[in-house]
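Chemist: As a plain string of letters, each chain reads:
2 protein chains.
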Amino acid sequence: MKFLVVGVGAVGSVYLAFLSRAGHQAVGLLKKGRALNSICVEGIWGDFVQEVRAVDSLEMLNYEPDVVILTVKSYDTEQALKSIEPVISKGSLLMVAQNGYGNYEKAVELFGRGRVLLARVIFGAKLIDYGHVRVTVCGDDVVIGDPAGVVEDSFLKELAGMFSRAGIPSRHERDVYKYLWDKILYNCALNPLGALFETTYGRLAENPYTKSLMDAVIQEAFEVIKAHEIPTFWNSPEEYRKHFYERLIPPTKDHYPSMLEDLKRGRTEIDALNGALVELGRQKSLNLHVNQTIVSLIKAKELFNLP
Amino acid sequence: MKFLVVGVGAVGSVYLAFLSRAGHQAVGLLKKGRALNSICVEGIWGDFVQEVRAVDSLEMLNYEPDVVILTVKSYDTEQALKSIEPVISKGSLLMVAQNGYGNYEKAVELFGRGRVLLARVIFGAKLIDYGHVRVTVCGDDVVIGDPAGVVEDSFLKELAGMFSRAGIPSRHERDVYKYLWDKILYNCALNPLGALFETTYGRLAENPYTKSLMDAVIQEAFEVIKAHEIPTFWNSPEEYRKHFYERLIPPTKDHYPSMLEDLKRGRTEIDALNGALVELGRQKSLNLHVNQTIVSLIKAKELFNLP
Numbered sequence: 001m002k003f004l005v006v007g008v009g010a011v012g013s014v015y016l017a018f019l020s021r022a023g024h025q026a027v028g029l030l031k032k033g034r035a036l037n038s039i040c041v042e043g044i045w046g047d048f049v050q051e052v053r054a055v056d057s058l059e060m061l062n063y064e065p066d067v068v069i070l071t072v073k074s075y076d077t078e079q080a081l082k083s084i085e086p087v088i089s090k091g092s093l094l095m096v097a098q099n100g101y102g103n104y105e106k107a108v109e110l111f112g113r114g115r116v117l118l119a120r121v122i123f124g125a126k127l128i129d130y131g132h133v134r135v136t137v138c139g140d141d142v143v144i145g146d147p148a149g150v151v152e153d154s155f156l157k158e159l160a161g162m163f164s165r166a167g168i169p170s171r172h173e174r175d176v177y178k179y180l181w182d183k184i185l186y187n188c189a190l191n192p193l194g195a196l197f198e199t200t201y202g203r204l205a206e207n208p209y210t211k212s213l214m215d216a217v218i219q220e221a222f223e224v225i226k227a228h229e230i231p232t233f234w235n236s237p238e239e240y241r242k243h244f245y246e247r248l249i250p251p252t253k254d255h256y257p258s259m260l261e262d263l264k265r266g267r268t269e270i271d272a273l274n275g276a277l278v279e280l281g282r283q284k285s286l287n288l289h290v291n292q293t294i295v296s297l298i299k300a301k302e303l304f305n306l307p
Numbered sequence: 001m002k003f004l005v006v007g008v009g010a011v012g013s014v015y016l017a018f019l020s021r022a023g024h025q026a027v028g029l030l031k032k033g034r035a036l037n038s039i040c041v042e043g044i045w046g047d048f049v050q051e052v053r054a055v056d057s058l059e060m061l062n063y064e065p066d067v068v069i070l071t072v073k074s075y076d077t078e079q080a081l082k083s084i085e086p087v088i089s090k091g092s093l094l095m096v097a098q099n100g101y102g103n104y105e106k107a108v109e110l111f112g113r114g115r116v117l118l119a120r121v122i123f124g125a126k127l128i129d130y131g132h133v134r135v136t137v138c139g140d141d142v143v144i145g146d147p148a149g150v151v152e153d154s155f156l157k158e159l160a161g162m163f164s165r166a167g168i169p170s171r172h173e174r175d176v177y178k179y180l181w182d183k184i185l186y187n188c189a190l191n192p193l194g195a196l197f198e199t200t201y202g203r204l205a206e207n208p209y210t211k212s213l214m215d216a217v218i219q220e221a222f223e224v225i226k227a228h229e230i231p232t233f234w235n236s237p238e239e240y241r242k243h244f245y246e247r248l249i250p251p252t253k254d255h256y257p258s259m260l261e262d263l264k265r266g267r268t269e270i271d272a273l274n275g276a277l278v279e280l281g282r283q284k285s286l287n288l289h290v291n292q293t294i295v296s297l298i299k300a301k302e303l304f305n306l307p
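One line per chain: the protein sequences are A and B, in this order. All the letters of the first sequence, read from the start, carry residue numbers 1 to 307 under the numbering used here. All the letters of the second sequence, read from the start, carry residue numbers 1 to 307 under the numbering used here.
Simulated from the structure, these hints should not be mistaken for lab results. Hints are supplied without guarantee of correctness; some may be wrong.
Since the list can't tell identical chains apart, any single copy or any two copies may satisfy a pair.
[To be verified] Quick list of in silico lysine-lysine cross-link-like pairs, DSSO-like style, CA-CA up to 30 Å:
#, residue 1, residue 2
1, K264, K253
2, K226, K264
3, K211, K284
4, K253, K73
5, K253, K226
Required output: the full structure, derived from the provided sequences and hints.
Modeler: Below is the structure:
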């Protein structure tokens, strides 16, 4: 299979390096003016340096990929979707492997049902430097599926198997959209507070005041989930909170959110996380006070951190 | 006149040093086990070292003060009021020279109307070290009055004149309670956000996201003011905001909140500021969402900063 990896940050570097190492044809799409010949990988999935192919413009691409893997930051999604439109219109499938709400939805709006796959990525990768990535933690397999139910299960299983054999543990799930929301909830509760206090997930859960704020974030998120009839694994905020504190946090208790690194650089994905919850709430006349305040705090910090 | 200064932190050190220098009898009441022979003053009101008298227990005090000046942190108010009860019951007047809501109110509850004066202190003082204080800024005279209207104006004018002649610019105002609320609003908007972001008042007002949060803090404060019929100089949040951004912030734009120093030491006066607004709201079934979230953030940070 042939791949195009759009966005060669932390997650994109992992896909490009592992797929290339496994002998697949894979090309990275870089920002204009950039170049990249190899990727240095380190961390829990092994240490190696892999030669890779990358271009800074789609016009330089001399093949038609079967799957385009989208890994850009959420605030770059619209621009990235526009740039790959010529490729998708020739028949490539798009796999959205990003954080938060709104990326998959925008892609489906543009390219239609059956053309867009969703991947819930829950391994942690940190870009040490351009072309140098560390895999820090793996919460679960990458879960791949077509929320629209159009793409054949057999193809999705094959795709997941291929990623797994290349070294990125993956599986197919029809419920992928529920998995995405599971991660959205996790990220909305932990990322902004972890970034603001520059602390770990474990310490956020131990501190009764950050715990009460996370409880409120989850409570408000479920108001939105209910109002929009979004499918989830959880029937109530209480059910999710039990899962969150007892299952999700313990194995990642020493983890710092990637939003902390993003914040230091002055731009985060808050609009696709708590900001998306606030916007979904607004559509149903719900005021998500705590999420709104947290969004303002992160955006304030983004501005304060700009050079 | 004879004075007892209860609490010898930043503001207490200023009162004890300036009153002693002017030749008044003044004694500082220290925490148990502490001793203090002199205070080093620096800053905008001059630099000098002044010998002072201080005791760590009221039993060691061999005179009856005319006025007891209360300058302890708000979280120590109840304990301090209990400790000075014997002195007040013998006839001393209490002057509450603290930050926030609830200190004056608790004192009146305990000692009755006509026994408690209120001082709105709006000069900035920073305790460099125990017995070493810097006066950094002076927003306005200390405003002194009896909100209950029992104590004679002539006495209050005399008291204010005496403080002024001692070097602490002061004046009497019957509306002192309105002045207190003016400062509560100012502190609730600026202190917690300045402490969280470790930034100046000017930068908080320039950043549109912290500005929107301060607007919301003020909006919610006016819901409480209206519900409790608290007397203020302002008929609406809009009127106060105009005063706040155009009059109050410009001369203090380079100022950092004292709450930032308090937060580093692990304990702030948030309960007497935004926490008091939240509690006053609760009494009238009002939810002050933004203030409540800010209280939780500051309390979270207090805990994270504990050794």
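Chemist: State for each hint whether it applies.
Modeler: Results of checking the hints against the structure:
1. K264 <-> K253: Both: 21 Å inside a chain and 25 Å across chains, each within 30 Å.
2. K226 <-> K264: Neither: 35 Å inside a copy, 41 Å across copies.
3. K211 <-> K284: both (27 Å within a copy, 26 Å between copies)
4. K253 <-> K73: Classified as within; 24 Å inside a copy, 36 Å across copies.
5. K253 <-> K226: within (29 Å within a copy, 45 Å between copies)
The structure fails hint 2 only (numbered hints given earlier).
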